[in-house]
Amino acid sequence: MLKTILVALDGSDLSQRVMQCLEELQLQPATKIVLSHVISSSGTDVEVAVDRPHGFSEELPYREIEKKLESYQEYLPYESELEIVTGDPAEEIVRLAHIYKADLILIGSRGLTGVERIIEGSVSSEVVADAPCSVLVVKPE
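No gaps in the numbering here: position 104 of the sequence shown is 104 in my numbering, and each next residue is one more.
Be careful, since some hints might not be right.
Cross-link-like lysine-lysine pairs, in silico, BS3-like; alpha carbons within 25 Å at most [to be verified]:
no. : residue 1 : residue 2
1   : Lys139    : Lys68
2   : Lys32     : Lys67
3   : Lys101    : Lys3
4   : Lys68     : Lys32
5   : Lys101    : Lys32
6   : Lys3      : Lys68
7   : Lys3      : Lys139
8   : Lys139    : Lys32
9   : Lys32     : Lys3
To be clear, the hints were calculated from the coordinates, so they are not data collected in a lab.
Could you build all of it, start to finish, from the sequences and the hints given here?
Following this line, the structure appears as structure tokens:
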């Protein structure tokens with residue numbers, strides 16, 4: 001039985017597909033769903049503090065992400081939590097899976113291949129390699 005599922009969402013159109021996949025799973029009523037979003041950070045904390053403006057403009061993306069996750073959460077018939085963190089997406093998703101002792105990570109894949117995949121990297125591939133549990137990768141339609 002899947003007790004805890006970590007759902008990694010990135011705000012793209014693929015997030016809707018990931019949520020559809022979650023709905024298709026035959027889950028027990030006691031399953032806990034953790035909807036997560038990682039705000040990608042570039043560089044060290046010192047660079048972030050210097051390079052990024054502070055105040056309202058910094059909170060705006062967070063609030064938009066929070067509202068989107070809450071809209072997904074409204075339709076879940078399961079106990080659920082929201083996690084919005086900052087950092088390297090793959091590392092943070094794996095870290096959250098450890099914290100919540102997830103039985104499954106549900107994540108989307110942009111479907112990059114070849115040079116694009118090498119240049120841009122693949123968060124889903126990194127998560128599959130490092131996750132402490134099974135990972136269900138949802139591909140675009």
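For each hint, the structure was consulted:
1. Lys139 with Lys68: 21 Å, holds
2. Lys32 with Lys67: 20 Å, holds
3. Lys101 with Lys3: The given pair, whose Cα atoms are some 9 Å apart, holds under the 25 Å limit.
4. Lys68 with Lys32: Holds: Lys68 and Lys32 sit about 19 Å apart, inside 25 Å.
5. Lys101 with Lys32: OK: Lys101 and Lys32 at ~11 Å, within 25 Å.
6. Lys3 with Lys68: Distance ~24 Å between Lys3 and Lys68 Cα, so the pair holds.
7. Lys3 with Lys139: 24 Å, holds
8. Lys139 with Lys32: The hint holds at about 23 Å.
9. Lys32 with Lys3: 6 Å, holds
Checked against the numbered hints above, the structure violates none of them.
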